[in-house]
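Asker: Residue numbers (the working numbering), protein chains in the order written: chain E, 1 to 263; chain X, 1 to 263; chain Y, 1 to 263; chain L, 1 to 263.
Read the hints as simulated data drawn from the structure, not as lab findings.
One or more of the hints may lead you astray.
Unchecked claim - For each label pair, taking beta carbons as the anchor points, the in silico distance ranges come out as:
1) E:Glu213 to X:Pro23: 38 to 46 Å
2) L:Pro23 to X:Lys73: 40 to 48 Å
3) X:Pro83 to L:Pro23: 55 to 63 Å
Nothing here was measured: the structure is a model prediction, and the numbers come from that model.
No residue lacks a Cβ here, since even glycine has one placed at the ideal position from N, Cα and C.
4 protein chains.
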Amino acid sequence: MKVLFMGDVVGRPGLQAVRALLPRLKATHGVDVTIANAENSDQGAGISPETADTLLAAGVDLLTSGNHFWSKKAIIPWVTAHPDKLLRPANYPKDTPGRGHGVVTLKDGRALGVINLEGRVFMRAHDNPFEVVQGLVEELRARTPCILVDMHCEASSEKNAMGAHLDGRVSVVVGTHTHVQTADERILPGGTAFITDVGMCGPLDSVIGMKKEQSLARFLGQKNAPYEVAERLVYLQGVVVDIDDASGRGKSIERVRVHLPGT
Amino acid sequence: MKVLFMGDVVGRPGLQAVRALLPRLKATHGVDVTIANAENSDQGAGISPETADTLLAAGVDLLTSGNHFWSKKAIIPWVTAHPDKLLRPANYPKDTPGRGHGVVTLKDGRALGVINLEGRVFMRAHDNPFEVVQGLVEELRARTPCILVDMHCEASSEKNAMGAHLDGRVSVVVGTHTHVQTADERILPGGTAFITDVGMCGPLDSVIGMKKEQSLARFLGQKNAPYEVAERLVYLQGVVVDIDDASGRGKSIERVRVHLPGT
Amino acid sequence: MKVLFMGDVVGRPGLQAVRALLPRLKATHGVDVTIANAENSDQGAGISPETADTLLAAGVDLLTSGNHFWSKKAIIPWVTAHPDKLLRPANYPKDTPGRGHGVVTLKDGRALGVINLEGRVFMRAHDNPFEVVQGLVEELRARTPCILVDMHCEASSEKNAMGAHLDGRVSVVVGTHTHVQTADERILPGGTAFITDVGMCGPLDSVIGMKKEQSLARFLGQKNAPYEVAERLVYLQGVVVDIDDASGRGKSIERVRVHLPGT
Amino acid sequence: MKVLFMGDVVGRPGLQAVRALLPRLKATHGVDVTIANAENSDQGAGISPETADTLLAAGVDLLTSGNHFWSKKAIIPWVTAHPDKLLRPANYPKDTPGRGHGVVTLKDGRALGVINLEGRVFMRAHDNPFEVVQGLVEELRARTPCILVDMHCEASSEKNAMGAHLDGRVSVVVGTHTHVQTADERILPGGTAFITDVGMCGPLDSVIGMKKEQSLARFLGQKNAPYEVAERLVYLQGVVVDIDDASGRGKSIERVRVHLPGT
Ligand SMILES: [Fe+2]
Ligand SMILES: [Fe+2]
Ligand SMILES: [Fe+2]
Ligand SMILES: [Fe+2]
Ligand SMILES: [Fe+2]
Ligand SMILES: [Fe+2]
Ligand SMILES: [Fe+2]
Ligand SMILES: [Fe+2]
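One chain only, chain E, in its complex shape (with noise of 0.2 Å):
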């Protein structure tokens, strides 16, 4: 089975992004399920259902999210009302609207287990990750052999550990968060696919998808300047990722880094 895997989108360059390159990348990759990180899909923090459907038309099967699932309260009701199309990380409290993890299936019939969750080094308290995830994936495995982890977090350390964890147990873990792709994709000694962050569909010309001037306004000084995401040099990242669906094990990684024309 292949994935393209698609980190944090951001605003609405990186919907333009994945709306006008992602059925072309699916038909060279020959891809059979397709996830994106919406966290920052509505105006660079949050998501709302308009711009989770609208990933979802551009033919993004599911969507999972990470600390800026909470940014905008539209996204509540909506993802209560359609579990199974956005997940939240599946350590955050029990009462917390949504799913934090699902299954995709393909009408083969085949299956993709998906678990989204949440690093806790430099980010807010939630319930450990590492304990967390392990239930989780006893669980999926009952259903089928080829997961994906989405370890969404800051520190390089939580999310290689993460990946250490889970050697051999599922097919992929990718980072994301921190909108920079890194080069160190590989299929880890026990058969697991793993890169540190997989990057975000935004404008590269910025700080990690916002307007540069306003960033540096913030690190001068000025606390409350404006943020708003920035438009040029926009890219899609993510990652192709190939599958055994007998076994489950991760074959091949490959980074993923389209420009989108005219930007």
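Assemble the complex: chain E is given as a structure, and chains X, Y and L with the ligands must be docked to it using the hints.
Answerer: Chains X, Y and L with the ligands in isolation, oriented as in the chain E frame:
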């Protein structure tokens, strides 16, 4: 001028990689100046006089550092005696031993100014690197148009903001500290070569250089588990930057990632 | 000189307490100068021109603030127009609107210098308050030996270190920000009056001024639960410090804690 | 039942204060149960078998701890052998040595349940104390209606939220960790005795127990300055709580603050 910058050298494996691989790397790329971030060279945390001497003897011209500058006390008298051989972040308090910027002069008289900075997001509070760097750039530009900045920090936003801040004013901004190489090397619009993180020199079969099982034990709750440098899959990682001597503009930036045979 | 310093004024209940209780408190203690930290006066987060005016009209001579200085944008033009009426932390970036120190002059010519600082432990990165304060103390001592410092910060260590730092150089160091009054008021060995935190002016039947149920919902996981000012058990909290006019030494420091009847 | 709870015992001075002052304090107040937080008893950071034994020999019935529980490795086998004598936060990972709750039984058969928790704001990530505590309270209530909770944490908001959370369900919630006694002791509306922080047992002429000059050196930039326990103005600090044996409600809470003569 061709500059080779190598990221955080981690323990004995990192030192071995530099010693074994540097000569050929310099020859292959025609390197004029070699710089390495040494902050993890002594057993993964800090710098000792021995590890500093080893790197210099291996052909490194100047060492930079970061938050682990302080980790081993023996380096303090050494850096006081050799302030032109090891930099610490320039935005540390005024009384801090050592210096935050320096100049490497080639035999033919060309010179590269080097500035070491530390970020503040998710790190200890120090002076604002975005302010401190301005005076240092001016000071160095009086000597040479060729300037490299090692921005040692955690957050991808802060590194990219520093790139935007200095674009057109320095030749290169490289990020260090996360130990994972990013795939975003490029020449910024103003002519500054940039990469979010050059990656470490150390064992990739690890959690950012440390033994996987020990790191995992900590994430699973054993906060006082041992924490030692790993040994397998050692790589030298960094970038080679070509700088226009006259203008100081970055002409190209290329990622380097070389395996140490036998690991 | 007798100085009344009141801690973080929280929302409408805090404003009501100051308005209703201040006149009698001033009379009872023979207060010469009145200062209040206003950072939470507008609905619990930030300062508006209206809340600033209300406090000044109620008889406060000078307002201080802290990390919530920025929370409401309307205060920026106001503080620019009235830099002698509202201070913000002196260790903020140079371009920040407003000033970090000022002088309150009594009708009889005596003067109290006031410095507002913000800590850096568990707070945003700014210039080192321990360094910044030194020049300001010197500047103010040229005007008057009587100086009060509002050290707005989270960590008890940082507040107590500031007390030790300035002991014998200023008249009073008061802490603000935790909203809970501490029981450690005392004259330090060098003659400086000190308290770790003066406490808030606001409703005690709350979580640091906010509605208990809403705060609890957040700790239980609803990160976007509403967060509104509580209403019951409103107290005015602060300290009255007696300063020796000639030497500037603190002679006594007394905690104040007065209930607003009907709450 | 009268319970004496003493805050973070800091090094040798703290131990001396407990040894010298505890017998009389117990007699004066008619104390039935004595508890002390021992996390700083070994040279200011951590607990050793010796400091634990010293406190127990001095008449303390049960020790609690906090983030410094891990600081000295020798305590791990000791706590494994004496799980009923030293608690660590109950919301630590499951495999952590020691236990997070216990029961002190009086000779007359009455019993006090004790729960130790650690907060998560500005502290390491652990399980949610607001969730973990619920099951423990139920478990202990099957044994006794008298329950004390030591909420070890940094943020005043988190401590006050825990008070609100448990109000009416336990007898006492005391805060520890900041080392500064707060002046807000009271019976909450539901009948739970509460104080934000009981303060340390240690030298007040210090920065939260440590030498002033050393702490200041660190705030001024010498991040690796020594850090030793101070010696002057040693106080025993804590609270005496009177609990109604039948209902488990807090009847009164009184702050204790006793000077150790000769310091
Ligand atoms: Fe993101
Ligand atoms: Fe994120
Ligand atoms: Fe490093
Ligand atoms: Fe580092
Ligand atoms: Fe504040
Ligand atoms: Fe406040
Ligand atoms: Fe403590
Ligand atoms: Fe503590």
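Asker: Tell me the hint numbers this structure goes against, listed in increasing order.
Answerer: none
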